[in-house]
Every structure is written in C-alpha cells, then in structure tokens.
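Here is what each chain is made of, one letter per residue.
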Amino acid sequence: MTPLSYALQRGTAMLMAPLIVIHLAVIIWAVQGGLSAEEILSRTRGSLPWGVFYGLFVLASAIHAGIGVQTILREWTPLGRLASANIGHGLIVVLWALGARAVYAVVWA
Amino acid sequence: MSAPERILQVDIRRGGEAGDYERFEVPERENQTVLDVVTYIQRHLDAALAYRFSCRVGVCGSCAMTVNGRPRWTCRTHVARVVRGGKLTLAPLANLPVIRDLVTDMTPFFEKWQAARGRFVPGDGPRGEMAAVSPGDKQRMAASDAIECINCGVCHAACDVVSWREDYLGPAALNRAWAAWNDVRDGDRNGILRAVTSGGGCHTCHTHQSCAEHCPVSLNPTFSIAGLKRESLKAKLRGELK
Ligand code: SF4
Ligand code: SF4
Ligand code: FES
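One line per chain: the protein sequences are U and X, in this order.
Numbered by our numbering, the letters in the first sequence go through residues 1198 to 1306 in order.
Numbered by our numbering, the letters in the second sequence go through residues 8 to 249 in order.
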C-alpha cells in the first residue's frame, strides 16, 4: 500500500461507518409492518439526500473493497504488485459502476 | 530419600531447510531455562547440535527459537513456564532461512534493517556542534520507547505478514526506523520515510500486534509502525516524499 491508498482505505472506512449504521437503522425502521418496492421507490425517487447518501456509499465501498482485495491478492496469491493493483483498480470501477447504476435506478430513473 | 529425577522429552528439529525432529531425554532441574536444556543436549548427548547464544542474560538477542510453537528468547524462558506434559518442542525461528538445526540465517533480517534505513545519517552542520536534545522532548521519548530492541528476531518470526510477503520490512526493522526518525539530529529524516513507504513498507502492516505480544523486552513495534504511517502520510501531503 502506498501512503495515499492507505489514507483512502482509512478515509473510506471512516466514512462508511456512519453510513452503514444509518443504512441498517433505516432498513429496520422501514420494514416495520411490511415493505413493498413501491414504498421504497416513493421515498427514494427524486430525493437528492438519498441520491447523495447512496452515491457516497457506493463510491466509498467500491474504493475500500478494491484496495482491500488488492492487498489480499498480494498476500495470499503469487500475483505481483502490478497484477494485484490492476485487478484491485478494475474492481473499484466495476463495483462503482454497478452501484452507481443501482443508485440511478432508484433515485432518478 | 530424594525424589526420583524427572525427565523432559525434548523434540528438536534437526537438519537444514528439510529436516526432521529428533527426541532427546533431559533431566529436569529447578530454574532451568530452555537454553539450559539445549546446552545440556549439546554437551552430554549430541555435540553436533547447532544452536546460537551469547550473553545468556537477555541482552544480546541471539538465542531466539521456536519453543512449543511460539517464538521466544530461550535464555530467559523458564522450562517450567512453557513445558507441556513433560514435553518441549524446539525449532529454529520461523520466517528466516535455516542454516542447520536451531540456527537461522539472520542476513535477510538485517538486510531489512538497512532497507528501512534504520541507521543514523549525520547532518551537515559544523563539526563539534552538539545538538541539544532534552530528555523530556516528545521525539526523544518516542525514540527511547523504541530503542531498546535486542535484535532477537522474535517479532519477525511472529508476524504473519512477514510470512506472506517476502518484501515486507517487518516489525523490527520498522521499529528501528521509527527510533531513527525520532532522532532530530539525523540529516535525512525524510529519507527514512521514503525507505519505509516503498514496496513492502509500513503501510503493509495489519496492526494486529502479534509482534508486540511476543517481544521479550515488551517493545511495541505496532505503535512505532503506526507512527511511521502517520508521519509518512503527513510528509506526502506536504509534498516532501517524492
Ligand atoms: S502489527 Fe504489523 S508488524 Fe506487528 S505482527 Fe502485525 S502485521 Fe506484523
Ligand atoms: S522488537 Fe522486540 S521482538 Fe523484535 S527484534 Fe526487537 S527485541 Fe526482538
Ligand atoms: S543468549 Fe543473549 S539474549 Fe539469550
């Protein structure tokens, strides 16, 4: 890990901690008495706060997972620095794209 | 009538990289250390047994081995504390090449100290001018906390990350670099931060404290490494680490 990827790993972890707590708390609160797709979408459609919340969530988790996987590959497989980094960076892009698509679908689509 | 002599069953790993365990029987004594047991075997049972020691009082750091699965300094480890069911299993330190029997090749260990730039580099101030460092100075105290390392290699053997990544500098070398960085007289302190951030440097550490848990002189390399992570990030953000 370089000093910058270390800072990103720590920073995204710090950012995700409250986001995860809010995410779980809202799920638990919202499912009281059943929950339907319409109900969810009625809350998220056109909501800038939820768009920003999950936009950040997706970005932070993609970066955090990508750096983590890169480290694990380096330690547990014979892959070298470059190959591990490429896979890790690729994962960041893929996870971010999948997540961003989901956020787009529930907020703006 | 004296009590019958109790006998320790001691399994020692013999040979080089590929070796096997050999069983010895050693009479148990009061206040016996693991190093005493090995010395008894070498003097009375097998003169060819290779092991390393020097001071016998916990100063030189040369006697470390794997004792019942854990890296330990053997001259200060009492048999009574570690023996299990009358048995001791001794092997060379992990994470280092084996030369023979209980002797490891410490070269890669000390090469990492050099790679981490754990040595003093003088500044170019005028000769004879003494830097005044107060004993209560924050950096002086941080250096004091890290400086008492006896180079035994126990933490290096106890660190999983060292076993996973050949290029990881490891707890002892990084702890040494932290002591060196806290020496305000050093002429190239950013050079230390550059050395510990390239390749398998300080950011490779998982902060799981196995090194601190095993260090026989109760140093905390994890803490030193956290300091290096912090200071190298600051230096990076200030643009001093090119
Ligand atoms: S804290 Fe770091 S140096 Fe110490 S044992 Fe764990 S990974 Fe190794
Ligand atoms: S830090 Fe402790 S365990 Fe590691 S080499 Fe120094 S004295 Fe030995
Ligand atoms: S022989 Fe010197 S520390 Fe054990």
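Take the hints with a grain of salt, since some may be wrong.
Here are some chain U residues pointing at chain X (derived, C-beta under 10 angstroms) [what the hints assert, rightly or not]:
(1) 1198
(2) 1202
(3) 1203
(4) 1207
(5) 1220
(6) 1236
(7) 1240
(8) 1261
(9) 1262
(10) 1268
(11) 1273
(12) 1278
(13) 1279
(14) 1282
So the derived label-pair ranges between C-beta atoms look like this [said to hold, decoys possible]:
(15) U:1225 - X:244: 32 to 42 angstroms
(16) X:213 - U:1294: 52 to 62 angstroms
(17) U:1278 - X:24: 20 to 30 angstroms
(18) X:104 - U:1214: 38 to 48 angstroms
Short derived list, chain X residues pointing at chain U, Cβ under 10 angstroms [as the list claims (entries may be wrong)]:
(19) 64
(20) 167
(21) 242
Derived from the structure by calculation, the hints contain no laboratory data.
Idealized CB from N, CA, C, for every residue including glycine.
Checked hints:
no.: 1; hint: 1198; in the structure: 4 angstroms, holds
no.: 2; hint: 1202; in the structure: 8 angstroms, holds
no.: 3; hint: 1203; in the structure: 4 angstroms, holds
no.: 4; hint: 1207; in the structure: 9 angstroms, holds
no.: 5; hint: 1220; in the structure: 26 angstroms, violated
no.: 6; hint: 1236; in the structure: 42 angstroms, violated
no.: 7; hint: 1240; in the structure: 39 angstroms, violated
no.: 8; hint: 1261; in the structure: 15 angstroms, violated
no.: 9; hint: 1262; in the structure: 17 angstroms, violated
no.: 10; hint: 1268; in the structure: 8 angstroms, holds
no.: 11; hint: 1273; in the structure: 7 angstroms, holds
no.: 12; hint: 1278; in the structure: 8 angstroms, holds
no.: 13; hint: 1279; in the structure: 13 angstroms, violated
no.: 14; hint: 1282; in the structure: 13 angstroms, violated
no.: 15; hint: U:1225 - X:244: 32 to 42 angstroms; in the structure: 39 angstroms, holds
no.: 16; hint: X:213 - U:1294: 52 to 62 angstroms; in the structure: 29 angstroms, violated
no.: 17; hint: U:1278 - X:24: 20 to 30 angstroms; in the structure: 27 angstroms, holds
no.: 18; hint: X:104 - U:1214: 38 to 48 angstroms; in the structure: 42 angstroms, holds
no.: 19; hint: 64; in the structure: 38 angstroms, violated
no.: 20; hint: 167; in the structure: 9 angstroms, holds
no.: 21; hint: 242; in the structure: 8 angstroms, holds
Hint violations for this structure: numbers 5, 6, 7, 8, 9, 13, 14, 16, 19, all remaining hints satisfied.
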